[in-house]
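Enquirer: Those protein sequence lines, which keep their order, are chains A and B. Residue numbers for the first sequence follow my numbering, so the first one is 1 and each next one is one higher. Residue numbers for the second sequence follow my numbering, so the first one is 479 and each next one is one higher.
Bear in mind the hints are in silico, worked out from the structure with no lab data behind them. All figures in this text were calculated on a predicted structure; none of them were measured in a lab. Please note: incorrect hints may appear among the correct ones.
What the hints assert, rightly or not - Derived DSSO-like pairs (lysine-lysine); straight-line CA-CA distance at most 27 Å: (1) Lys516/B to Lys410/A; (2) Lys301/A to Lys563/B; (3) Lys31/A to Lys628/B; (4) Lys628/B to Lys604/B.
Stated by the list, open to error - So the derived list for chain A, only partly shown, Cβ under 8 Å to chain B, looks like this: (5) Asp61; (6) Pro313; (7) Ala350; (8) Arg436; (9) Phe446.
Even for Gly, the Cβ is constructed at its ideal location relative to N, Cα and C.
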Amino acid sequence: MSSHPELAEKFTRDVARTTWHDETLWFVRQKRDRIAYTIPEFQQLRDLASQVKNHMLSRIDEYLIQFEENAKKNGVHVHWAADAEEHNRIVLSILQKHGAKRMVKSKSMLTEECHLNPFLQANGIQVVDTDLGERIVQLRNEPPSHIVLPAIHLKKEDVGETFHQHLGTPKGEKDPQALTEAARQHLREQFIAADVALTGVNFAIAETGGFVVCTNEGNADLGVNMAPVHIACMGIEKLLPKLKHLGIFTRLLARSATGQPVTTYTSHFTRPAEGREMHIVIVDNGRTQQLGRPDFRNSLKCIRCGACMNTCPIYRRSGGHSYDATVPGPIGAILSPNIDLKKYSSLPFASTLCGSCSDVCPVKIDIHNQLYKWRQVISEEGAMSKSKKWSMKAMTTLLASPTLFALGGKFGRMMLKILPHSLTHAKSINPWAKTRELPAPPAKSFREWYAENNNEEQVNGKTESVTGPSIKQIAKHE
Amino acid sequence: MKVGLFVPCYVDQFYPQVAIASLQLLRKLGVQVEFPTKQTCCGQPMANSGCEQEALPVYHHFVDTFENYDYIVCPSGSCVYHVQKHYNVIEQTSSVQHVRAKTVELVDFISTVLGVDTLPGKFPYKVGLHQSCHGQRGLRLATASEFTPKQESATRQLLLSKEGLELTELDRKDECCGFGGTFCVVEEAVSGRMGQDRIADHQKNGTQVLTGGDMSCLMHLEGIVRRQQLAMRVMHVAEILNGNEP
Ligand code: SF4
Chain A
1 MSSHPELAEK
11 FTRDVARTTW
21 HDETLWFVRQ
31 KRDRIAYTIP
41 EFQQLRDLAS
51 QVKNHMLSRI
61 DEYLIQFEEN
71 AKKNGVHVHW
81 AADAEEHNRI
91 VLSILQKHGA
101 KRMVKSKSML
111 TEECHLNPFL
121 QANGIQVVDT
131 DLGERIVQLR
141 NEPPSHIVLP
151 AIHLKKEDVG
161 ETFHQHLGTP
171 KGEKDPQALT
181 EAARQHLREQ
191 FIAADVALTG
201 VNFAIAETGG
211 FVVCTNEGNA
221 DLGVNMAPVH
231 IACMGIEKLL
241 PKLKHLGIFT
251 RLLARSATGQ
261 PVTTYTSHFT
271 RPAEGREMHI
281 VIVDNGRTQQ
291 LGRPDFRNSL
301 KCIRCGACMN
311 TCPIYRRSGG
321 HSYDATVPGP
331 IGAILSPNID
341 LKKYSSLPFA
351 STLCGSCSDV
361 CPVKIDIHNQ
371 LYKWRQVISE
381 EGAMSKSKKW
391 SMKAMTTLLA
401 SPTLFALGGK
411 FGRMMLKILP
421 HSLTHAKSIN
431 PWAKTRELPA
441 PPAKSFREWY
451 AENNNEEQVN
461 GKTESVTGPS
471 IKQIAKHE
Chain B
479 MKVGLFVPCY
489 VDQFYPQVAI
499 ASLQLLRKLG
509 VQVEFPTKQT
519 CCGQPMANSG
529 CEQEALPVYH
539 HFVDTFENYD
549 YIVCPSGSCV
559 YHVQKHYNVI
569 EQTSSVQHVR
579 AKTVELVDFI
589 STVLGVDTLP
599 GKFPYKVGLH
609 QSCHGQRGLR
619 LATASEFTPK
629 QESATRQLLL
639 SKEGLELTEL
649 DRKDECCGFG
659 GTFCVVEEAV
669 SGRMGQDRIA
679 DHQKNGTQVL
689 TGGDMSCLMH
699 LEGIVRRQQL
709 AMRVMHVAEI
719 LNGNEP
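Given these sequences and hints, build the entire structure.
Expert: See the structure below:
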């Protein structure tokens with residue numbers, strides 16, 4: 001099992017691809033900015049969205065029951081799943097009841113989280129992801145690397161190669177239009193043949209028992225309208241109390257995700273059509289546990305827009321797969337430790353705590369604060385390496401004592417001066433030195449200088465400047 | 479008004495000129511300021527590494543050192559952020575509350591407490607300002623691009639009051655430099671790459687002197703500038719405002 005730093009290091013080795021990945025996602029972030037700036041009330045919308053979700057989470061039990069009642073009144077079958085396993089079994093049993101062999105599926109991070117596809121395939125069901133990006137990664141047998149842009153780690157050449165292998169497109173084809181057309185023809189056959197269509201849920205409305213699915217490709221609608229059975233899977237936190245709240249979220253979702261005013265398809269589902277069946281599977285899978293952690297419950301407000309990934313300078317340079325989790329990026333780094341603290345203990349440290357994720361988040365999740373808090377939990381619950389813990393303790397001893405601190409500093413500066421550059425900057429022992437020089441040690445620390453010079457003339461006089469060439473030297477070169 | 483100068487541990491040891499400039503600048507502005515010599519560190523390095531509990535003795539030492547000052551001024555937004563936001567985990571005695579409320583970032587102190595918005599002197603160079611994230615988004619010392627395309631901060635204003643100073647327009651106005659405390663070592667690959675990208679943006683847009691309010695970010699960026707042997711000077715904003723030559 002590799003940790004984030006190892007996987008990230010591997011990703012960054014391909015410098016050109018890292019640049020391309022970074023720039024592509026930054027482009028999406030800029031689109032988001034432009035459209036957010038054009039809406040004067042954008043920050044109020046974020047406030048409202050955050051308050052609605054807070055309120056919902058504080059009474060989630062009541063709203064879930066209300067939702068169930070209303071959905072049942074609409075003729076929908078409602079199922080409850082405590083965990084991933086139960087969710088998968090429920091979906092399989094619905095398929096089996098109908099003797100279904102083929103299922104089309106539109107984007108749903110929840111089913112990814114539950115590893116539904118391999119489970120169904122092992123039970124003889126053919127599952128086809130119909131979102132273009134998801135289909136691409138499915139053909140490659142990879143997990144999505146981003147929750148909104150699942151194949152963002154791939155270039156069009158990679159897609160061309162994948163389609164050549166699996167869909168028989170000409171070798172070397174990389175024209176996006178030709179590739180999309182090939183995918184469309186291929187998916188059309190899948191839609192026609194499907195016995196069951198599965199979708200995710202973006203928002204479920206307690207008041208009406210209905211739910212909303214947002215896509216840009218219309219693939220959810222195609223699947224649902226052609227297949228006789230529709231299964232919708234949702235995490236408990238997808239609820240909104242009332243229909244009137246929905247507009248706040250649909251305005252925020254697409255803008256934050258891709259910089260669009262609204263998703264191309266925002267489809268409302270309330271009841272099954274004549275002669276058809278509709279099922280909703282409501283899943284917990286660790287969510288109530290997170291709800292019970294006051295420091296982290298806020299993370300359940302997430303509407304999965306992906307904006308925190310697009311803005312995250314670490315995500316952009318390490319790729320989604322480096323998180324090795326269903327939801328990658330900043331939000332994934334606070335959701336994953338809830339599921340498995342040990343396995344994901346490197347994720348809360350994969351951040352500089354720059355705070356951009358919190359500022360971009362449409363529902364105002366304090367992501368970077370939660371990352372900070374997870375770090376404390378990881379340390380307290382013993383999921384941190386002994387050597388790291390020990391070095392932090394030693395550092396505290398040094399830093400809680402002025403004498404030790406002054407001595408230690410003097411020693412450090414002296415070592416930097418007398419040891420050869422090749423040793424202080426050895427890449428094998430000093431990770432800092434791989435890309436950077438250490439600071440050039442000054443003759444005296446500030447406290448030494450202060451002890452000698454704390455009188456008016458000195459304090460107001462001129463001082464030496466930092467190391468490196470001076471501007472005058474630079475000017476001479478030019 | 480009695481002001482205690484808080485000099486972050488690594489500034490004390492590696493960048494004394496930044497602390498000297500901060501001291502001189504404050505004295506020029508008529509502030510009665512001293513450096514309490516028993517100070518060490520605010521505890522941020524340990525806490526950001528997850529060892530908040532281990533850092534508590536350092537927190538108490540910090541409060542003991544500074545409780546009798548009206549303001550504690552520090553040339554580093556990130557240390558100020560740590561004292562203000564993360565000292566909530568120790569008992570909130572009146573001393574702790576006082577220290578948390580009165581620990582202020584240097585430029586913020588000059589502009590908000592002293593009410594100074596221009597400084598005399600020339601600095602005829604193209605200056606690239608790195609607004610550190612903890613100062614910008616943590617303490618809200620500058621506008622953030624997530625909210626508005628307008629770039630505003632007291633640091634920009636004070637810098638621009640220097641005769642001849644021109645600020646660099648960056649392609650990415652306020653992205654993180656990748657320092658991030660122990661992040662720079664633990665995630666060395668991503669950190670190095672982030673720093674290289676920031677420097678490339680400054681290079682492309684003509685920065686001669688790279689500056690900022692957090693020496694930690696600048697230490698990382700300066701390390702890259704020196705490794706790549708670039709014709710760019712790195713100075714803390716206190717040095718420029720104090721009138722130091724590049
Ligand atoms: S945490 Fe916020 S920004 Fe990130 S995906 Fe969720 S809603 Fe979007």
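Enquirer: Going through the earlier hints one by one, which of them does the structure break, listed in rising order?
Expert: 5
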